[in-house]
Amino acid sequence: MFLFSRQEEFPRLKQLRALSLFSTLSPRELKTVDALLHQRSFIKDEVIFDQGEEGQALYIIESGLVLICRQGQPAAGRIAELGPGRLFGELALLDNSPRVAQARAAENCTLAVLFRADFLGLLQTHALIASKISLQLARHIGQRLRETITAPGSQSE
Amino acid sequence: MNRGSGPVVWTGIIASTCLLLFVFQKILWLVVPFLLALIIYYFLQPATNRLVLHGVSHKTAALVTGGSFIALLLLCAVLLSPWVGARIVGWEASLTRYIEGGSRLLLGTMGALEAQFSFLERASLSRNVSEQTAHFTETFAQRHLGDFVVTLAAWLPALLLAPFLAFFFLRDGRRFTRFIARAVPNAFFERTLYLMHEMDRAARGYFQGLISLTILDTVALAIGLWIVGISPPLLLGLVCAVLAWVPYVGSILGCLLVVLVAATDFPLDPWMAYGAIIVFVLVRLLDDFVFMPLTIGRSLNMHPLLTVLMIFVGGAVAGVAGLMLVLPLLGIAMVVGETIGMIVTDERLQARHAHSRRLRARQAAADLQS
Numbered sequence: 000m001f002l003f004s005r006q007e008e009f010p011r012l013k014q015l016r017a018l019s020l021f022s023t024l025s026p027r028e029l030k031t032v033d034a035l036l037h038q039r040s041f042i043k044d045e046v047i048f049d050q051g052e053e054g055q056a057l058y059i060i061e062s063g064l065v066l067i068c069r070q071g072q073p074a075a076g077r078i079a080e081l082g083p084g085r086l087f088g089e090l091a092l093l094d095n096s097p098r099v100a101q102a103r104a105a106e107n108c109t110l111a112v113l114f115r116a117d118f119l120g121l122l123q124t125h126a127l128i129a130s131k132i133s134l135q136l137a138r139h140i141g142q143r144l145r146e147t148i149t150a151p152g153s154q155s156e
Numbered sequence: 000m001n002r003g004s005g006p007v008v009w010t011g012i013i014a015s016t017c018l019l020l021f022v023f024q025k026i027l028w029l030v031v032p033f034l035l036a037l038i039i040y041y042f043l044q045p046a047t048n049r050l051v052l053h054g055v056s057h058k059t060a061a062l063v064t065g066g067s068f069i070a071l072l073l074l075c076a077v078l079l080s081p082w083v084g085a086r087i088v089g090w091e092a093s094l095t096r097y098i099e100g101g102s103r104l105l106l107g108t109m110g111a112l113e114a115q116f117s118f119l120e121r122a123s124l125s126r127n128v129s130e131q132t133a134h135f136t137e138t139f140a141q142r143h144l145g146d147f148v149v150t151l152a153a154w155l156p157a158l159l160l161a162p163f164l165a166f167f168f169l170r171d172g173r174r175f176t177r178f179i180a181r182a183v184p185n186a187f188f189e190r191t192l193y194l195m196h197e198m199d200r201a202a203r204g205y206f207q208g209l210i211s212l213t214i215l216d217t218v219a220l221a222i223g224l225w226i227v228g229i230s231p232p233l234l235l236g237l238v239c240a241v242l243a244w245v246p247y248v249g250s251i252l253g254c255l256l257v258v259l260v261a262a263t264d265f266p267l268d269p270w271m272a273y274g275a276i277i278v279f280v281l282v283r284l285l286d287d288f289v290f291m292p293l294t295i296g297r298s299l300n301m302h303p304l305l306t307v308l309m310i311f312v313g314g315a316v317a318g319v320a321g322l323m324l325v326l327p328l329l330g331i332a333m334v335v336g337e338t339i340g341m342i343v344t345d346e347r348l349q350a351r352h353a354h355s356r357r358l359r360a361r362q363a364a365a366d367l368q369s
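Protein chains in written order, with numbering that gives the first Met the number 0: chain A, 0 to 156; chain B, 0 to 369.
The set of hints was computed from the structure by calculation and includes no laboratory data. Since this is a predicted model, take the numbers as computed values, not measurements. Ideal Cβ placement from N, Cα and C applies to all residues, glycine included. Incorrect hints may appear among the rest.
[To be verified] Per label pair, the in silico range of CB-to-CB distance:
(1) CYS75/B - GLY84/A: 19 to 25 Å
(2) ILE140/A - ARG177/B: 24 to 30 Å
(3) GLY84/A - ILE69/B: 33 to 39 Å
(4) LEU90/A - VAL22/B: 40 to 46 Å
[What the hints assert, rightly or not] Calculated cross-link-like contacts (lysine to any residue; reagent style SDA-like; alpha-carbon spacing at most 20 Å):
(5) LYS43/A - LYS58/B
(6) LYS13/A - LEU90/A
(7) LYS131/A - ARG27/A
(8) LYS58/B - GLY63/A
(9) LYS58/B - GLU28/A
(10) LYS13/A - ILE148/A
(11) LYS30/A - GLY208/B
(12) LYS43/A - ARG361/B
(13) LYS43/A - GLU28/A
(14) LYS30/A - PHE187/B
Use the sequences and the hints to build the structure in full.
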């Protein structure tokens with residue numbers, strides 16, 4: 000009975016599926032990913048990470064707003080404001096390079112955190128899940144690149 | 000990450016390793032099963048990961064590998080118990096026979112030396128050794144067998160705990176990591192995750208290296224003993240390789256065991272025992288210069304001088320248990336110490352943590368200030 004029971008979509012799994020990075024995962028795959036995610040709560044104005052810091056994890060916004068800005072310049076150096084479902088710090092998943100900007104909580108927010116070592120472990124143990132996440136990640140980076148190229152004042156235009 | 004650590008951090012690492020050794024030797028009944036459980040855990044982890052890779056869920060994979068291991072142990076116990084029961088009465092006689100065989104070899108060697116060097120003959124060395132070994136073998140069973148049986152009975156429940164602990168490590172290890180991470184403030188979160196990952200990597204490298212080293216030692220010793228003609232080579236090789244988990248003392252015990260077997264099985268041919276010693280020394284050299292750097296040496300990334308010094312310190316602080324525990328403890332203390340050193344000395348992280356606390360305190364008191 001247990002073996003043939005249908006995988007119920009728990010609210011947590013629905014919440015994860017709503018995130019662009021995990022939108023292509025099946026319920027079973029979502030449960031595997033959920034076991035790897037850490038949930039963190041940040042208070043308004045709290046620094047999530049600093050520019051130049053070595054990145055170890057990718058962040059996905061579950062609720063609230065996150066401000067991406069130049070180090071210590073939340074108003075003048077504003078780069079983007081991200082809402083629920085969006086992700087940031089994704090380059091940390093690919094390499095050890097330093098963070099290119101600072102991330103701050105623009106309001107009280109809850110974030111899901113995927114640690115790089117866990118993602119690399121996923122590549123070895125659950126190649127299919129890792130490849131689906133990688134594809135979504137590549138799409139996300141491509142979209143960011145397009146946005147940068149087509150942004151007003153860009154040299155490519 | 001910047002991995003440069005100063006003398007203060009290193010003093011802390013060495014001091015905390017010594018302190019842990021001192022504490023652990025007081026609770027060996029818990030530490031030894033825990034250590035064995037870690038060895039079993041890292042031994043079973045690749046099989047669990049392989050099952051997960053083939054689509055089995057993590058819990059089921061842990062249940063299959065952990066359950067199979069426990070079932071295998073139970074099967075071995077059931078199959079071996081009649082054999083052990085039939086021979087247990089003769090073990091005291093066998094033990095005495097092997098000790099007598101060893102003392103015969105010792106006396107023969109002493110006699111040959113006395114014939115060569117007259118000052119040894121004047122000192123009546125072989126007579127003294129003969130009297131002492133005779134006294135030892137006569138009273139050995141009376142003095143030690145009772146203690147041995149009582150110690151075994153006291154340790155058996157704790158040792159039986161090891162496979163079950165290993166099963167729970169396999170099943171719930173990840174949950175434990177998340178549980179610990181939840182208690183860490185946001186400012187230190189990424190560094191702490193990195194620390195836990197590094198600790199796991201160091202421990203995995205050490206214990207999986209230890210398993211590989213044991214297999215290599217067993218095979219090398221078995222081949223050497225088989226060439227010399229001492230039997231059973233595989234069993235002797237395995238026992239010696241497991242004894243070698245305790246640095247220095249374990250190797251000496253292993254060598255003694257092989258020599259006793261050779262001297263008893265071939266009482267008229269002392270060259271068999273000498274051959275066994277030569278095989279043992281060759282395998283030790285191979286172990287120190289080839290096997291060890293290929294397995295454990297790579298995983299802990301320690302300077303050889305520090306390794307040797309800490310083994311002596313471990314022995315001085317906690318005896319045989321200290322010899323066995325010092326390297327894994329030092330490996331973990333190194334990772335923890337270096338990361339804590341980085342966090343404590345990182346003023347930016349400290350400032351971010353203080354800022355976060357201020358913000359939280361302000362928010363908690365927001366409706367109280369009107």
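Verification of the supplied hints:
no., hint, verdict
1, CYS75/B - GLY84/A: 19 to 25 Å, "54 Å, violated"
2, ILE140/A - ARG177/B: 24 to 30 Å, "28 Å, holds"
3, GLY84/A - ILE69/B: 33 to 39 Å, "45 Å, violated"
4, LEU90/A - VAL22/B: 40 to 46 Å, "43 Å, holds"
5, LYS43/A - LYS58/B, "38 Å, violated"
6, LYS13/A - LEU90/A, "26 Å, violated"
7, LYS131/A - ARG27/A, "14 Å, holds"
8, LYS58/B - GLY63/A, "34 Å, violated"
9, LYS58/B - GLU28/A, "14 Å, holds"
10, LYS13/A - ILE148/A, "34 Å, violated"
11, LYS30/A - GLY208/B, "32 Å, violated"
12, LYS43/A - ARG361/B, "11 Å, holds"
13, LYS43/A - GLU28/A, "32 Å, violated"
14, LYS30/A - PHE187/B, "27 Å, violated"
In this structure, the earlier hints numbered 1, 3, 5, 6, 8, 10, 11, 13, 14 are contradicted, and the remaining ones agree with it.
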